[in-house]
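Undergrad: These protein sequence lines are chains A, B, C, D, E and F, in that order. Take the first sequence: its position 171, counted from the start at 1, is 170 in numbering that gives the first Met the number 0, and no numbers get skipped. Take the second sequence: its position 115, counted from the start at 1, is 114 in numbering that gives the first Met the number 0, and no numbers get skipped. Take the third sequence: its position 224, counted from the start at 1, is 223 in numbering that gives the first Met the number 0, and no numbers get skipped. Take the fourth sequence: its position 285, counted from the start at 1, is 284 in numbering that gives the first Met the number 0, and no numbers get skipped. Take the fifth sequence: its position 123, counted from the start at 1, is 122 in numbering that gives the first Met the number 0, and no numbers get skipped. Take the sixth sequence: its position 122, counted from the start at 1, is 121 in numbering that gives the first Met the number 0, and no numbers get skipped.
No lab work stands behind these hints, which were simulated from the structure alone.
For chains that are exact copies, the list does not tell them apart, and a pair is met inside one copy or across any two.
When the alpha-carbon atoms are kept at most 25 Å apart in a straight line, the in silico SDA-like pairs for lysine to any residue are as follows:
| no. | residue 1 | residue 2 |
| --- | --- | --- |
| 1 | Lys-48 | Ile-78 |
| 2 | Lys-100 | Tyr-88 |
| 3 | Lys-48 | Thr-75 |
| 4 | Lys-22 | Ile-79 |
| 5 | Lys-223 | Leu-291 |
| 6 | Lys-100 | Gln-26 |
| 7 | Lys-2 | Thr-75 |
| 8 | Lys-179 | Tyr-103 |
| 9 | Lys-245 | Glu-324 |
| 10 | Lys-48 | Glu-316 |
| 11 | Lys-169 | Ile-332 |
| 12 | Lys-152 | Asp-252 |
| 13 | Lys-179 | Glu-224 |
| 14 | Lys-157 | Met-0 |
| 15 | Lys-69 | Cys-127 |
| 16 | Lys-48 | Ile-159 |
| 17 | Lys-245 | His-266 |
| 18 | Lys-148 | Val-181 |
| 19 | Lys-65 | Glu-316 |
| 20 | Lys-148 | Tyr-174 |
| 21 | Lys-2 | Gln-70 |
| 22 | Lys-157 | Ser-77 |
| 23 | Lys-69 | Asp-57 |
| 24 | Lys-317 | Ser-77 |
| 25 | Lys-219 | Ala-178 |
| 26 | Lys-2 | Met-117 |
| 27 | Lys-22 | Lys-65 |
| 28 | Lys-22 | Thr-328 |
| 29 | Lys-65 | Ile-78 |
Just so we're clear, the structure is a prediction, and the values are computed from it rather than from any experiment.
6 protein chains.
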Amino acid sequence: MGKVVTFGEILMRITPLGNKKLKQSNQLEYYFGGTEANVAISLSQFGNKTEYITVVPDDFIGSAVKSYLKQLEVNTDSIINLNHPLGLYFLEVGAVMRSTKISYNRAHSAFCNIAPNMVNWDEALEGCEWFHWTGITPALTENSYLTLKEGLKKAHAKGINISADSAYRKDLWNYGRNAKDVLGELIALSTIFIGGVNEMNEVLGTDFERTNEDFITASKLLMKEYPNIKKVADKRRSSLNANWHKIISKMWDGSQFLETKELEITHIVDRIGTGDAFAAGLIHGLMHFDNLKALEFANAACAIKHTIEGDANLLSEKEVLNIIEGNLTGRMIR
Amino acid sequence: MGKVVTFGEILMRITPLGNKKLKQSNQLEYYFGGTEANVAISLSQFGNKTEYITVVPDDFIGSAVKSYLKQLEVNTDSIINLNHPLGLYFLEVGAVMRSTKISYNRAHSAFCNIAPNMVNWDEALEGCEWFHWTGITPALTENSYLTLKEGLKKAHAKGINISADSAYRKDLWNYGRNAKDVLGELIALSTIFIGGVNEMNEVLGTDFERTNEDFITASKLLMKEYPNIKKVADKRRSSLNANWHKIISKMWDGSQFLETKELEITHIVDRIGTGDAFAAGLIHGLMHFDNLKALEFANAACAIKHTIEGDANLLSEKEVLNIIEGNLTGRMIR
Amino acid sequence: MGKVVTFGEILMRITPLGNKKLKQSNQLEYYFGGTEANVAISLSQFGNKTEYITVVPDDFIGSAVKSYLKQLEVNTDSIINLNHPLGLYFLEVGAVMRSTKISYNRAHSAFCNIAPNMVNWDEALEGCEWFHWTGITPALTENSYLTLKEGLKKAHAKGINISADSAYRKDLWNYGRNAKDVLGELIALSTIFIGGVNEMNEVLGTDFERTNEDFITASKLLMKEYPNIKKVADKRRSSLNANWHKIISKMWDGSQFLETKELEITHIVDRIGTGDAFAAGLIHGLMHFDNLKALEFANAACAIKHTIEGDANLLSEKEVLNIIEGNLTGRMIR
Amino acid sequence: MGKVVTFGEILMRITPLGNKKLKQSNQLEYYFGGTEANVAISLSQFGNKTEYITVVPDDFIGSAVKSYLKQLEVNTDSIINLNHPLGLYFLEVGAVMRSTKISYNRAHSAFCNIAPNMVNWDEALEGCEWFHWTGITPALTENSYLTLKEGLKKAHAKGINISADSAYRKDLWNYGRNAKDVLGELIALSTIFIGGVNEMNEVLGTDFERTNEDFITASKLLMKEYPNIKKVADKRRSSLNANWHKIISKMWDGSQFLETKELEITHIVDRIGTGDAFAAGLIHGLMHFDNLKALEFANAACAIKHTIEGDANLLSEKEVLNIIEGNLTGRMIR
Amino acid sequence: MGKVVTFGEILMRITPLGNKKLKQSNQLEYYFGGTEANVAISLSQFGNKTEYITVVPDDFIGSAVKSYLKQLEVNTDSIINLNHPLGLYFLEVGAVMRSTKISYNRAHSAFCNIAPNMVNWDEALEGCEWFHWTGITPALTENSYLTLKEGLKKAHAKGINISADSAYRKDLWNYGRNAKDVLGELIALSTIFIGGVNEMNEVLGTDFERTNEDFITASKLLMKEYPNIKKVADKRRSSLNANWHKIISKMWDGSQFLETKELEITHIVDRIGTGDAFAAGLIHGLMHFDNLKALEFANAACAIKHTIEGDANLLSEKEVLNIIEGNLTGRMIR
Amino acid sequence: MGKVVTFGEILMRITPLGNKKLKQSNQLEYYFGGTEANVAISLSQFGNKTEYITVVPDDFIGSAVKSYLKQLEVNTDSIINLNHPLGLYFLEVGAVMRSTKISYNRAHSAFCNIAPNMVNWDEALEGCEWFHWTGITPALTENSYLTLKEGLKKAHAKGINISADSAYRKDLWNYGRNAKDVLGELIALSTIFIGGVNEMNEVLGTDFERTNEDFITASKLLMKEYPNIKKVADKRRSSLNANWHKIISKMWDGSQFLETKELEITHIVDRIGTGDAFAAGLIHGLMHFDNLKALEFANAACAIKHTIEGDANLLSEKEVLNIIEGNLTGRMIR
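Input sequences plus hints: build the corresponding full structure.
TA: Structure representation (structure tokens):
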């Protein structure tokens, strides 16, 4: 099997312990995250070869990033060193009806100083079977957009599977480009669309509702506009409160509508990166299983990530398969 | 807007981590608390000017108390230094059906050594719009009772709003006075009564039941006996177990009965100080909103305090308003 | 009242904090555990005299084990020192649908190097009213089986009550003996069988189902084959997921079937040692109460252990009685 | 060998981590201490039978105290429960030229509520070979003085060895008695005086200087006034700064002057309880060795206590002997 | 006495625990620092009125900054909120011959987005007796330089004392201006120069050596070029290694050369902010004492800061005076 | 440059925090170590390609071991999985004159279950330039000895440099072979001997003294008996106490005696693995520098390892070179 390549910004998450506010304690924990890194890590835990391309500073922080990725068996050979700080975010973790708050410090990060031709795409895409990108990357800077487009074009030309997690975040698009246009251009090069009605509305300029019917109709329309797209998949979250969610996933695979069982997470440990866990589960599933099993695998991966501290899903393929076989009680394994 | 003044004892809470028993670990955390301090702090977080009057030792512990209050923007100018230790309590935090246990060390605290004329009430009440007291203070010593009465008389004479949280605790009344008499005397000087049927029964010598009807009847009777009281408000807690509560609030405002929606806290982080969060929410609400919105605000403040570590509600007015606007799922704010 | 004696292996539990995986952090916590030690400790917390017999290394680790037991008022006079390491296990704590994982390091422990005649049973059983053993001990090595048999024979000859927690774990029986035969031989010397249909099937070679009817039939058959057995008792666990369980207990006391109310633990703190808490509760109950109250006590002890960090139930008789009196909301005790 | 009995107040030490000031962090550590408890614990670590008499509250704090003592093999049978809080002190740990600061909360502790006839001295002194007291106890309250005197008289009558650590602290003597008179009365009943020129000056009303000559002259005078005293021993500390001390000890044994080698502690871990470690070392030494070896043992015990966290010396006789055999480089023991 | 005003950037220091490298642990501690903030805080601990002007983000991080300053009694009324992240730095703490490493993330901070006219200097300088600035501020951006110059001109016009800590750091001067020119322009407005031969060489373009003679000659030359400067003071550090330093200070006061005793810090706790502690000590000293005592106070403040965790000197005037009175052994204060 | 291969047992180090004894706290930290792993890690930090061969369990503990090695860029492709527990040791860290204590649990570890033919030596030694072994490995079991011999023979046949760290530990040789014979046989295949007079005495059966003269004579004799040995190198430690050491190194390179400057570590952070840091420094030095610089590099690597937490030297070549260039004051790097 070929490797999966992802490209994007890695961030350091810095957070007070438990549910404390920053001003309540001078103790912190950190994790590395970033949606494309999380996807690569989860895929390596499932047993796939992966490579992650990003930019880090050339000091002990960049060294810690690479150590983290190597520890989790993600290839770091194409990572670029630039003398700019790592992007990071502070997190105050909420509970029940109290919101979790995030404060970003990423606008002038090492990654935001990337420029076209810095990444050796030919080398990076050698032996690549799947390329994954998200809408965060083209939202950051003109250059991160252009660099991603370079890569996508090369991947497309090589016939590599390309999954697009559109992940639209209005706050990020500050450098002048129109999100709809840019995302459309990049989705046109992709084969799998990860997102739901909201994300399709953003790209299509439509206003479908969050029903299964509209999901199907929107998917068909998306595939019509972007004929390279062969499948649309999404997880849907119902939140009782910050600690208690349900997850169900759906897919339009070009010919039929698939839907998983709903999984309930009554005691969330960490909800960051659960969408990335879904994406990684989907990619792994589509590489190894049929569509329905792939979707169930993605849904289970998303659900079980809520029980893992940190940004990435660290569980094995076997542990996720265990969930879709119906073992939901978390019984002890001696 | 004028300031809110509160008066009472500040305590240090000392607790093992998590759900450990004291003998299980030598690691501890501490917080400062005390009902009137918690009310002042919450009101300052809502954007009000506040002043808190208490007694602390003249050493690094008293200095830490003042730092804590200053950090949270409570004026400490009237705080008295006495060469006696700070009152404190140890807490073993229970779970589910296991009770939380408290062991007090407060009977000979700095605050219990207060004496009349130590507080310069004229200075402290200058520019004061609201004075808040609780039944803990007159329960401690003859002198804390007399000092509070001094303050209440001055506040009453100045036409300041006075809220009384009767907070009856049988264990405290050990210095010889009768709780019913003392509380009655002080409630007579107050304009808002915070408490429910149990508290009114204590003051009135009645035995009303915990129904809405009885709440109304009791409130009317209370207002008859203490005609300065214009409103009676209370929160009502239903406990599934130590981790899972529901909170609903009600008010008799002299002419009508008001009741809030019920809020459910499925994963309690810290339940200490939730009654104080209600009181602070009520005072803020009555200073800024109509009665019903004030009650909803108080109920939401009480509920969301269950998600905050430590004794005081550290959330802003905006965060509490967010709850009463129906945003109960704790969604992430980036 | 005479003392309760238990015999078995003590283990050190080593675990990353919270729900972290071992590779995520170099911080760990440890607890001492082991089913028979947990039973002795819980019984000492209930106010009984207890003695625990085990083997520990003659160094700072063995010294820490004895300190732990002494701290919790278990007599350690019969503990043997051997120059072999303490058995231990690593624990990664799961959540919701993620399984908790255990990795053992016990096969060559100090306890596994025990040999017959090392324990001075006559001395250890002096003044003994109750002897408790579990199926873990005879599963470890030929010598641990023989040493236990020595003790059981002496205890039987002295007319001491003997409780057998059959605790069948297939993975352990590696030294050549057949579990069914060995357990049968030892149960024949015992007076109380702690276990359910699964455990009775293992011993009897039957295949009863997990119904109350089959529990009764199986119990009768067991008592017929092992006429010293006078009662069969078991707790039954329903798991919503790793954080949320229900516990109900049942007994066949030779003439009637008894069943408790079901207790729900919505937020589990630590589920290790909950079966041991049941056994200790049952022994204490049978020593002090009637059968039904004993069973309720055992069920409540099991349930409330889920709220205690570490392997042993550290709560007092009064705290468990409080549960069976229906106080399930965990209200604060000041 | 008979047991050693000590009597005095146990205190909880509460301290921020590292060198932090209390206001810098809400994390704390606690230890139990108190000079007479520390002596009993160290003696039990050396292998002696010990009993400690004190007063603790009848709640989870008192229970934690007893657990601590039991863990370290000190008999707690004579400990009294009173419904008053445990005495405690807060500690901010200095470094180099920054002073460590202590803030006490002990004036109304459980121990300070002791009264004559509460201790059953006859029972407590059965099988007692040595009784140890310090000047802290009679300094606290009239009743603690009277209770100690009760015990000393009984011990004296039984011909038990009695060591007096005069430990004069001016701040404590607030209840009306004159320190010189009270200490004199109690020293008159004692056989060993632990203290140096300063302490003897306090008791004798003299003004000897800190020279060896004056130490000898003062000791002779003390023995003349208090003829039961047979030996005077003291450790002498030279402080480069808060992290770096030297310890040397000296004794007048009635006929000759003895002095130890000086031990240097270049990196102090915890200096609390080092005087108590000296006292325990001296008592153990005098019970088991000749005078010079006893003094060397006491000096080494004092020095090595500076490397132990917490209030009590937890090292074994063998570990202390190792020091006086000249093994000062702390080489690893595998 | 009037207040002391300082102006500059506040930074968050983020550091792994102990001597760990970032990649060794995900646990961190944070402190707020920044040279001018540290000076203001130390001056407020000495009992002076202080105000600190900076820029912070308008979120929970900016709120934590203000809480920190308020806690330590620094007036925050003139602090500006801008929607840019807080500057920060990561610190790996070395030991002995291993260097401490710092990685900055400050180039696009909130403070670096300051612009002229944002600070209301007239308001901020009302009642101001002393203004303190460092060479960090004009090194950051054109606008931070211009804003500082605005303030200095106003302060100069009002006849306020102005201390200049030239703190030349070559790495910072990246925005186009020449350090020598800019610093000269600002020093011309100042009355006290804090720095040694190196700093004077930088400003004067000379190459004096680090001898007392050259210090005097350089000081005279500096005063000739910048006649507003009335005194030059500096601390001089001798480092045995990262844990063991000596500090001595010297001053040319316009007519004579003053030098302090040398203080030795054998066990450094935290060396960040020790230069700021010197500056604060000097300012406090010159406001309250004669020149020599001021210099001794500054030297002692610098030395004792090495024993405090975090960036700012938290000790009181009394604690520093204690050092210059020769109390260097850090004896315990009960 | 070719890779360096090391072979041996990896161990988990488990230790209470700070200087606590195990019984004082249930908090622990863990590190992975083992002398040959430490050498490989340090060499990878210096920029060399490395491979480490060991045996680990096939569970989350083995997975954590591999993650640790990968994080630090050691190739793990030849690591064997066996279903036996990881060897480990507990460490109580002493201070000053208090000894550090180690308690091992390694006798039945996964590594001790290795057998000949399990390691594919041909594959592992492909591209290998240097092979490093220590005397720990042949001391463990017959099979670990035989497996090492397999590897050494292959390496010898390929003309690979082989360094032997004889590391004689009497306690380990329990399986029946004679240490002198076995070590001699393996040294005969090696080219560099790492050890001093003590180690040579052990192998040669001599009793040379710890003088430079005897070191030279012993080295010559060793080279005569084992003519493949071309160099003998050793570090020499002088311990003031557990916190304060000096390190000096010497070499007989076949024709001349070399000796380094002595380095002083006044505040040791962690002394485990300092000998391994020397070995790695020597190998790196001999691969890249002349003999004297190699020895200075090894000595500096050994010294600076004392400032790193954990078992392995994590510093870069540049950081070690910095020491031998005389930069010993640990000055801050911004």
